[in-house]
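Novice: Listed below, chain by chain, are the residues.
Protein chains: 2
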Amino acid sequence: MPDFAEPLARLITEFKRLPGIGQKSAQRLAFHVLRAKREDAEHLSQAILDVKDKLGLCAVCNNIADGEICQYCSDSNRDPSVVCVVEEPHNIVGIETTRQFEGRYHVLHGALSPLRGVGPDMLKIKGLVERIGQGEVREVIVATNPNVEGEATAVYLARLLKPLGVKVTRIGMGIPVGSDLEFADEVTISKAMEGRREM
Amino acid sequence: MPDFAEPLARLITEFKRLPGIGQKSAQRLAFHVLRAKREDAEHLSQAILDVKDKLGLCAVCNNIADGEICQYCSDSNRDPSVVCVVEEPHNIVGIETTRQFEGRYHVLHGALSPLRGVGPDMLKIKGLVERIGQGEVREVIVATNPNVEGEATAVYLARLLKPLGVKVTRIGMGIPVGSDLEFADEVTISKAMEGRREM
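Chains A and B, in that order, give the protein sequences. Its first residue numbered 1, the first sequence is counted upward by one per residue in the UniProt record's numbering. Its first residue numbered 1, the second sequence is counted upward by one per residue in the UniProt record's numbering.
These are computed hints drawn from the structure, not numbers from a lab. Where hints are given, some of them may not hold.
Put simply, identical chains are the same to the list, so a pair is met inside one copy or across any two.
As the list claims (entries may be wrong) - No more than 25 Å apart at the CA atoms, straight line, and that leaves these computed lysine-lysine pairs for BS3-like:
| no. | residue 1 | residue 2 |
| --- | --- | --- |
| 1 | K54 | K124 |
| 2 | K162 | K124 |
| 3 | K37 | K124 |
| 4 | K24 | K52 |
| 5 | K37 | K52 |
| 6 | K54 | K24 |
| 7 | K126 | K16 |
| 8 | K162 | K126 |
| 9 | K37 | K167 |
| 10 | K167 | K191 |
| 11 | K24 | K126 |
| 12 | K124 | K52 |
Kindly produce the complete structure, drawing on both the sequences and the hints.
Specialist: Put into structure tokens, the structure is as follows:
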């Protein structure tokens, strides 16, 4: 790797710490910033700090919020009787892009993982139990990831929440729309068979 | 697109202004910053400003420099009699990774483009002529891009500099190493034929 002037080398290193950014992308980004107007660089620089300083977690659902309560929990048009449980705040983005779900959310900030020492106490489950205790919630849709940790979390939540009198459902698993059976692994295909629907 | 809290939406917008970063990548980067330690966010934020504030152009070759003279011009191990002319500072990176070139550089900061109104006066050509006037330069290697603008710039430089008594050469064009003839366009193939070498 050639020598860059120190501030440029440092910016490249910082960009490389971001996910999906390798040496070449980091160089391209750094040279872009170098060519950009100082004003634009300032905006980016400030936006990075503001995200850390001005955002907190919603007191109800633990989603990212710029106030005490996030925009989904404070939206009275959304149905409080259906709560979709996700692992991370960015999972909400994917669900919102469907424009299908009109309920509320609950963010666990992780998934159970005995291997990595993540137990139920380290997830934001207590708040979910409290929300259900208030009696408004009718259904909990568990939208944790379809992997070992997400599945374990889903099973744990089902056992914990069903006795409280709520319906606990799991998002459907199967072949992605637009994909090809050829590319699906056997576990996905067997889930798709299990989850078949009458036409 | 779902609604993000304002600081997060702003950071996503700022990331999207960077080259090669679309909506999805910008979201991933922004959520990464959100999860990162404040210290790490500060380092990135500061590095962006430092690149604008602490770097200038080398007084000799117009490369990026954190002092008055860049590291290549101040390196006495490098041969001052061979000068490689490039369009942009980041082009030097590609040449340096070969570890083959031991001469000096000259950065034009652009290429001639009548269509976009870029004439010779807008490129840093004057300094190059002055360097040659000092008598130390023996060969100028024109490593501008192999496209219309870069080629026009190369032809212009050759006409301008040859009368000053220096050898002006152009980097070789042909089939990229590791590629396949099948994927090469006809102009590249004809350049490769022209540039053939006896074995």
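Novice: If a hint holds in the structure, say so; if it doesn't, say that too.
Specialist: Evaluation of the provided hints:
no.: 1; hint: K54 with K124; result: within (21 Å within a copy, 44 Å between copies)
no.: 2; hint: K162 with K124; result: within (18 Å within a copy, 73 Å between copies)
no.: 3; hint: K37 with K124; result: between (43 Å within a copy, 20 Å between copies)
no.: 4; hint: K24 with K52; result: between (27 Å within a copy, 20 Å between copies)
no.: 5; hint: K37 with K52; result: both (24 Å within a copy, 8 Å between copies)
no.: 6; hint: K54 with K24; result: between (32 Å within a copy, 22 Å between copies)
no.: 7; hint: K126 with K16; result: neither (37 Å within a copy, 37 Å between copies)
no.: 8; hint: K162 with K126; result: within (15 Å within a copy, 79 Å between copies)
no.: 9; hint: K37 with K167; result: neither (55 Å within a copy, 38 Å between copies)
no.: 10; hint: K167 with K191; result: within (21 Å within a copy, 70 Å between copies)
no.: 11; hint: K24 with K126; result: neither (44 Å within a copy, 32 Å between copies)
no.: 12; hint: K124 with K52; result: within (20 Å within a copy, 42 Å between copies)
When held up to the earlier numbered hints, the structure conflicts with 7, 9, 11 and fits the remainder.
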